[in-house]
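*Asks:* As a plain string of letters, each chain reads:
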Amino acid sequence: MPNFITSYLGSKVTPGEAGNQFWALVYVFIIFAGVALTVMWLLNWIERKALAHFQVRLGPMRVGPHGLLQPFADALKLILKEDIIPTEADQFVFWVAPLIGLLASFTVYTVIPFGPSQAVSDMNIGILFMLGVSSLGVLGIVVAGWASNSHYPLIGALRSSAQMVSYEVAMGLAVISAILMTSMNASGTGTLSMLGIVRAQQQQGIWFIFKFFPLGLIAFVIFAIAMVAETNRTPFDLAEAESELTAGYHTEYSGLRWSLFMLAEYAAMIAVSSIAVALWIGGWMHPFPNLLSTPAWEFVFSLFPGLTFLGIAAIAFIGAARMPAHSFFKIQRIGLAVFAALLGFVALLLFVIAVAGRSADGSLAARFREGIDYLYWFLLKVAVFIYLFIWYRATWPRYRFDQLMRIGWKVMLPISLGVLMLTAIVGVIVS
Amino acid sequence: MSDRKNDSTTDVSVHSLSNLDLEAPEKTYLDSNELIINMGPQHPATHGVLRVILKLDGEKVLGTECVIGYLHRGVEKIAENRTYTMFNPYVDRMDYCAAVSNGLGYCEAVEKLMNVEAPPRAQYIRVILTELNRIASHQLWLGTHALDIGAMTPLFYTFRDREEILKIFERYCGARLTTHAFRIGGCQYETYAGFEKDVKNFLAFFAPKIDEYEALLTTNRIWLERTKNVGVISGPDCIALGVTGPVLRASGVKWDLRKAQPYANYAKFDFEIPIGTNGDTYDRYLVRMQEMRQSMRIVEQAVNGIPEGPIMGKVPKVIKPPVGEIYHSIEAPKGELGYFIVSDGSTQPYRLRVRPPSFVNLQALDLMVRGSLVADVVAVIGTIDIVLGEVDR
Amino acid sequence: MNPALNTAVNAGMAPVGTPWFFYVLAGLAVASGAAVITRRNAVHSALALIVTLLSVAGLYLMLYAPFVAGVQIIVYAGGIMVLFLFVIMLVNIERASKDRRFNRIWPVGLAAACALLALFVSAFVKGKALFPERGMPLPESSNTQQIAAMLYGEAGRMGQYTFAFEIASLLLLVAILGAVIMTKKKI
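As given, the protein sequences belong to chains A, B and C, one line each in that order. Using the working numbering, you'd call the opening residue of the first sequence number 1 and step up by one each time. Using the working numbering, you'd call the opening residue of the second sequence number 1001 and step up by one each time. Using the working numbering, you'd call the opening residue of the third sequence number 2001 and step up by one each time.
Fair warning: there could be bad hints in the mix.
Stated by the list, open to error - Think about it this way: if two alpha-carbon atoms lie no more than 20 angstroms apart in a straight line, the pair counts; the simulated SDA-like pairs of lysine to any residue are:
#, chain 1, residue 1, chain 2, residue 2
1, B, LYS1209, A, ARG57
2, A, LYS49, A, VAL63
3, B, LYS1060, A, ARG406
What the hints assert, rightly or not - Residues from chain C that keep clear of chain A, each with C-beta distances beyond 12 angstroms, as calculated:
#, residue
4, ALA2164
5, LEU2177
6, ILE2181
For the record, the hints were derived by calculation from the structure and aren't laboratory data. Beta carbons are placed, not taken as given, at the ideal position from N, Cα and C, and that holds for glycine.
Model the full structure from these sequences, guided by the hints.
*Replies:* See the structure below:
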């Protein structure tokens, strides 16, 4: 086996730290494919179904059992659509604008900590990198509005980017509060690296959302609100709402280009949710890490991935059983039953891994199980945030633009500054 | 009220829109601060084919001009060529969200002209259906108004609950929306078996639903910020412009035709007139929510005491009102709906003029949005509650 | 060998393909810098400037200054360039670009560029004699902490620049307040 493959196996650091480009590329590919697939399929489907159920209707039901294949049909349709570029539009910039947004959204994933060594690279400026790259996403929007060479997209783009820039300030200050908490250890030095932040939570034995109660909670809430504004979601989606005068920066984009914008938006949603999880909710750690960390509890928590997939498989199976017994639904029933069986098979695999790797020795099975567990708890917390995004969209009206800016500058900024100062003061007093 | 530069209205070119200064089209967007924006006839938020030309200073609205007529169907002219009975279905198509009210106003106007009165049983049935229609119209208003402001979900809730009212209409007269429920002199259809039970079931079903809508919106911080102090109009201004309905009542003027000039036996029922204090969008929202509750009260009283008797008064087969003219108005969900009929003794009216509440209320749009921001225009159009079928006829 | 490089190699993070990355980043910076001044379209110039700034950030990374690289991206590429783009889009540039350009004083520009080139060449030739290596031996992994110590530490010992930093932030605050007051229509 070539050296560049085997030299990394068994190491406990990220590929970036180990300097192994091959595995870094493999991780990047897995993350990109995973995120793209999740966004395109799972997130789209869940958003439509959840929104529909909030609104007392069913959502997609025809394409695939319970609409499971609807996102693929939509993606296919968008790809096959005619690619309309306005003649007056700036051709090169029009083409490059969705790419800027997409690149910015996806580059954030290089620093997201899925586990203690499951990240593409543990940069020691991880959080700084994240903030910088998401501010590059603003450029994509501004340039997209400009390239359309039309009045309404330009105003919508400027509004969108003004909103994003304003809430970046509050977001950054909330992040600084969390980083400040990483330095409340024996040596008094904190870290900007994402893995380091989660390890600091592990070390200090408390998730930062609970630290210095209620300061950690307030900082988390500020970040949670700012991240909704960063991704242009309700209630801050005035710039892309249909019933407003300015129809948004992606008006002139059709087909695949528009879907790239949507992909970038959803990817940004997952990225900022991951940041929130890593900074405040303890990243890859299972709940109650300091209280319930005996081997028995570790085993119980490692059963959760299998149980989750078993639950979803059961729901899918019940759905298949409840479908009308009519020849129209035969294929859908079979499809859903096969899907349920697949999920059940995955659950079985997870159970096998949980049992085989139940000891904490460094064997391959144990490390595999640990990896799966870290990934599972991280993704579960991110999924809760995504569900919150969808819930906000179903429930709340949207803010007017001046109210939005007022909240960003007059409410969030002072509160986050105050929390930062109080965290610092409390930290100095306590240490 | 408006600073009109010239009064000539014969020239229909764009330069006769003197409310706004449209003489400098070369001033490109973003150059100067003032710009003219067109909320075109096709727009998700104008509740129909309404064109609103806005003159903006940056984000602030300096003036508006409504261009209507995209849905003009010549209903009043048609009336001159139809008999009174033939014209009855046309009336529903004006305010198609509250068709029963339209029918009530027209039938009562012609009955007044002919000096007949509908029997008490018919009047009770009329009241029940009209108030149910008021609830349905307000539900539609609530759903679309919330959707314009960004809350998607109340639309589906209100439409789902509105279905129950539409089912009752369908069982009664066969149509859900354009009901043609009443006839000149009374009602044509007897209430179907189970009508009272259906109405009572609906009342029991609907009471918690209003609470559901209120729970979603009334104390919602974002809703309050979007609707409080938005589109304020004072009571005297309303009266000066002729604005009626919930808009007038939200500005503090306690005027409801059901109490002021009672018709169709409304004097027999016990209900309140909700009024507001500020005249802003939030007050109009509260007033309409309260009106839904009061309508439920009226329906409950009416359905518990429908008298027996004939449903059609003594009306000749061919309706030939005596020579004369009459103006009769009722309190439609959107305001004062009036019918002015001039009869020359024949079977067809000489002139039939409809005073649509939405048309008159829409004139207040300019006053309400001056000085507000662009995003408020959409909210204010929604809160006036216009239906283009009525505005344009 | 360079002590910073030593520490980096010992930490297991040996640099990879240094000459290749340097030539690519530097070439990109120069090419996009040229594009900034030669494009007719102002937005194209701004985008080229963004590419320049990002390549310079990459060069900072190669100099074992990850904090400066991150701040360069956040502040310069993500903040100042967004401001540039706002201004370009809100002000009608097309008419200005149709005006005649200032091409008549090009000899003066050429002379200034030659003088600058002579300065750079002499600095390169004099080389290490001009810049002693005191600033280099900071290991990369604690770059942020060292900068923080220099900016916020106790004056005199580690914090050589604390006072200057505070004065600079005060100046920026005054500038922000002045800009807000000058442009507000009503107080």
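*Asks:* Indicate, hint by hint, whether the structure satisfies it.
*Replies:* To see whether the hints hold, each was checked on the structure:
{"no.": "1", "hint": "B:LYS1209 / A:ARG57", "verdict": "holds (17 angstroms)"}
{"no.": "2", "hint": "A:LYS49 / A:VAL63", "verdict": "holds (13 angstroms)"}
{"no.": "3", "hint": "B:LYS1060 / A:ARG406", "verdict": "holds (16 angstroms)"}
{"no.": "4", "hint": "ALA2164", "verdict": "holds (22 angstroms)"}
{"no.": "5", "hint": "LEU2177", "verdict": "holds (14 angstroms)"}
{"no.": "6", "hint": "ILE2181", "verdict": "holds (16 angstroms)"}
The earlier numbered hints are all upheld by this structure, with none contradicted.
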